[in-house]
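Quick note, the sequences are listed as chains A and B, same order.
The numbers in the numbering used here rise by one with no breaks, and the one at position 149 of the first sequence is 149.
Heads up, the numbering used here is the position in the second sequence plus 1000, with the first residue counted as 1.
Hints are computed from structural coordinates only; laboratory data are not their basis.
Ideal Cβ placement from N, Cα and C applies to all residues, glycine included.
Honestly, I wouldn't trust all of these hints.
Label pairs and their calculated CB-CB ranges [stated by the list, open to error]:
#: 1; chain 1: A; residue 1: G202; chain 2: B; residue 2: T1047; range: 52 to 60 Å
#: 2; chain 1: A; residue 1: L194; chain 2: B; residue 2: P1129; range: 53 to 61 Å
#: 3; chain 1: A; residue 1: A19; chain 2: B; residue 2: L1015; range: 55 to 63 Å
#: 4; chain 1: B; residue 1: V1037; chain 2: A; residue 2: P146; range: 43 to 51 Å
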Amino acid sequence: MALAANTMQTKNAGWQGLATLGVALLLAVAGYAALFVAPTEATMGLIQRIFYFHVPFGWSAFVAFAISFVSSIAYLRTRAPKWDWLAVSSAEVGVPFVTVMLVTGPIWAHPVWGIWWTWDARLTSTFVLWVLYVCYLLLRTLIDEPERRAVVSAVFNIFAAFDIPLVYFSIWFFRTQHPQPVLGSGGSLDPRMLDVLLLCWGASLALLALLLRQRYRVEALRWEVERLRLESDSRGSEPQGFAAVSNKGRSA
Amino acid sequence: MALARPIGILLAKELRTEFRTRELLVSTLVFVLIVLVLFSFTFDPTTAESRRFGPGLLWLALLFAGSLMLHPSFTREQSNDTLVALRMAPIEPVSILAAKILANFCFLLVAELVLLPVFAALYNLRIVPVLGRLVAVLVLGTLALSIVGTVFAAISSQARMRELLLPLLLLPLLTPALVASAEATAGLFESPPALPAVWVGVLAAFDTIFLTVTWLFGEYLLEE
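The following block holds chain A by itself, in its conformation from the complex (with noise of 0.2 Å):
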């Protein structure tokens, strides 16, 4: 069993491997594309190059909102552990991709507006959302039964899913100085600009993707040591070693 388990693993391993690769490639392809292809803005200049990945990352990072708040529906209506796992992995994954987004902002804005924050309607739903998943994560920390665990973030994050359409909605009653989306509102968009843009979100969700499996496989793991822990610990002194063995068999 713990053979056949380890063979697995390494043809696992092997796969991995080429991902992680092909993601690597990708991404250099379109930090390339993003720096010497795409045209020079004509009046931001080089600075502008950052929106290649500040667009796509928070792009991403919605999309791996997107797939935390079908998951905790999901886990709520089935009860089957992988959706707890797949819900905690994408918020844990999309909440870097926010930070991303949070920092290239600052650092395109200081030349550009000559500030590195302003509290604009749309930085501020931005920062909102990215603590809304941090509270999401917290929460997690702070339950140690894995089930309960399960069942009340994921209502949690159903909550935080429904309030971010609320907290963007305000963009449209506060005066904003963000520029204005650049897709699917007339925007002007340089057709070289926009394919950089799309290979960039390409890789972005590549390297989401990549994230994403990982660290679900992480968890499935940390789920099943939990369970074997909680198992041992329901049988008394004896499966102390147990534990420690298989706990040791699986991080191998």
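Knowing the structure of chain A, use the given hints to seat chain B on it.
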């Protein structure tokens, strides 16, 4: 409606428990007063400034008060495991939540109505001409606070560090409600007073959305 009777009975129970001690009511009142007074010490606002910042400050204070005061709604049930008894009753689980939301709504609204004249006096605001519309905004904003506050009290009561956790979960989620209530209230103190329809709409949408979400998913929080 099958829900109305259990909700009525449970609401009566919640109100009776609260009015025996008046914990929530008194501490909310005192807390908001302290914040209002501390604000004028910290910033030493002129009359015009206090008029400008007053509505936002009032809502911020109420939100903080709610995030600190609402957690007993569930922790109170834990000391004697009374939530188990409530769950065993042949009623829809969501009616337990609904009764607690209504009870917290009543406490907070009573506290606000008591605070209103004091607030108006401290911040030089004329509330009498806009009283009806002001109460409407208070009702919508307080409903938002009590829906999400009660549900999150159920969430945080099942975690460690629950007193600290409730504000952390509640305050970011209530951002749209805070902005909308503060803006709607501020509109009432401009000259001429006007109730901004957009913000009332946001508040109404907030209340409707989260009442529905609670109705759909709230009962999972009450499982054993």
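*Could you work out which earlier hints the structure fails to respect and list their numbers in ascending sequence?*
Result: no hint breaks.
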